[in-house]
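Listed below, chain by chain, are the residues.
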Amino acid sequence: MNESILLSVSGLKVKFNSHLILDDLSFDVKRDSTLAILGPNGAGKTVLFRAMLGLIPFEGKIAWAPDVKVGYVPQKLFVGKDIPLTVSEFLEIKEKDRSKVLGVLKEVGLGDSSLQEIHRGARLLKTKLGVLSGGELQRVLIAFALLGGPNVLLFDEPTSGVDISAEETVYALISKLKKEKDLTIIFISHELEVVYRFADSVLCLNKQKVCFGPPREAIDKKSLEALYGEEVHFYKHHNHEHYHENGH
Amino acid sequence: MDTNLLFLIFVGALVGASSGYLGSFMVLKRMSLVGDALSHVALPGMAIAITLAINPMLGALIALTLAVIGIWYLGEKSEIYPEALVGVFFTASLAIGILVTPEPELLEALFGNLESIGTMDGLITIAGAIVIFWATRLISKKLLLGVISEDLATSTGVNMPQVNLIYLLLVGLAVALGVKFVGTLLMGALVIVPAVSAKNLAKSISNFQFLASILGVLSIFFGILIAKWLGISSGPPVVLVSIAFFGLSYLLKK
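If you read the protein sequences in the order shown, they are chains A and B.
Sequential numbering from 1 applies to the first sequence in this note's numbering.
Sequential numbering from 1001 applies to the second sequence in this note's numbering.
Hints listed in this document are in silico derivations from the structure and should not be mistaken for laboratory results.
Careful: at least some of the hints might be erroneous.
Capping the alpha-carbon separation at 25 angstroms, the derived lysine-lysine pairs in PhoX-like fashion look like this [to be verified]:
| hint | chain 1 | residue 1 | chain 2 | residue 2 |
| --- | --- | --- | --- | --- |
| 1 | B | LYS1077 | A | LYS81 |
| 2 | A | LYS100 | B | LYS1203 |
| 3 | B | LYS1141 | B | LYS1203 |
Derived coverage of chain A by chain B (criterion: at least 3 residues anywhere in the stretch with Cβ under 8 angstroms from a Cβ of chain B; other residues may be distant) [to be verified]:
| hint | stretch |
| --- | --- |
| 4 | 48–55 |
| 5 | 71–79 |
| 6 | 206–212 |
Far from chain A by the CB rule (all over 10 angstroms, computed), these chain B residues [said to hold, decoys possible]:
| hint | residue |
| --- | --- |
| 7 | LEU1005 |
| 8 | THR1065 |
| 9 | THR1091 |
| 10 | TRP1134 |
| 11 | THR1154 |
| 12 | SER1206 |
| 13 | TRP1229 |
| 14 | PRO1236 |
Heads up, the beta-carbon is just placed ideally off N, CA and C, and yes, glycines get one too.
Just chain A, same shape as in the assembly:
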């Protein structure tokens, strides 16, 4: 494998029973890049992640560079409000050293160095995972992923439960982390806006590869139609590109 290639996927096929979820998918991910995986609901984005993590059986080849250490941020957790697992207990599953746990919490913006924030961080550590807000839970999940000292972060965007402003700051956080650490980031998104702002390449996915490359080159009217159907209107103005789906 080429030194600059971190992940090479070729001829990937995933089937559930006889249902084809991913069909003949091939792409490479460069080191230190930020790749967005864009596609509608049911396009197989999360399934692709699960295959990349070796969680489900697949045909074809998924080859990671030998030095890869993956941190995975799942879309959501099924932790009921009644489960008495606190944030600190959750993070201590991965790291016993309390100072490292606090350090990571600081990195994800939960527990700044200001006095007020230290209190907030301390209170948060004793909070049950099930009662966190969507944005807080996501930061805790990112903290969990960072505790292993990964060089690749797989981030699955939640489809609900996180409001727009929280989502915004999560991506700002991810790009901040990328600058501070030596990280390659692969994230799943269904927001075109987010893809344009934070990714340097994009994989459009709808069971198979629809487009691949730098977002401004790869995403065009044709690929959007293949992703979202004929009704999508795609127009450019003032250097911003927008799309919307009719009837949704």
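Fit chain B to the known structure of chain A by using the hints.
Quick look at chain B alone, frame taken from chain A:
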């Protein structure tokens, strides 16, 4: 208090603590009914052991181990939803157990009998409880992560099928240790009820596990005293005491 009663309370406390501790994970994994039904499997094992004149606890342990491997295999390798099969398989083993258990021993096998607990049983229980606490501590973080998200656990390199098997084998061991105290029909309650009560009160996982163990110990302690005092089978009072704690925990939660 005579030494025999002290011995029973000490051994019983170990049974209560280990069942409560393991039960805390059972409740988190939403496998409560599996824990309950599993205890029924002990009966045919005890019956065969009695017929062969070996320690019934050992017979129970062998039967439980086989059943646990069966459930684990179905859960991991097949598409079949295990809960329904567990219901069918375990009630069948209860029915068979009732048929093959010699009549004089049937009542004590079903509901427990303090008189039948000897020094050998005590030694087996001490050894078993040590194994349970030691092994469960070793796998507890992996188990916990698996409860929250199997994907997250597997992606961090945890071998979930292996962890699940070890856990279920430990539950089988705990049930085998408790059958003489509580009986095969009610032993499942000692795994589940203290843990459910503890969950009502717990503020953290470590707090939850500690409370579940303590409530298990207290249920056995008061249950044994009541059974001795009234001269009855030990299973029903032990379980009723644990249910009383559940009621109390429910009120305190509100």
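Find the hints from earlier in the document that the structure breaks and name them by number, from lowest to highest. Per hint list: 1, 6, 11 and 12 violated.
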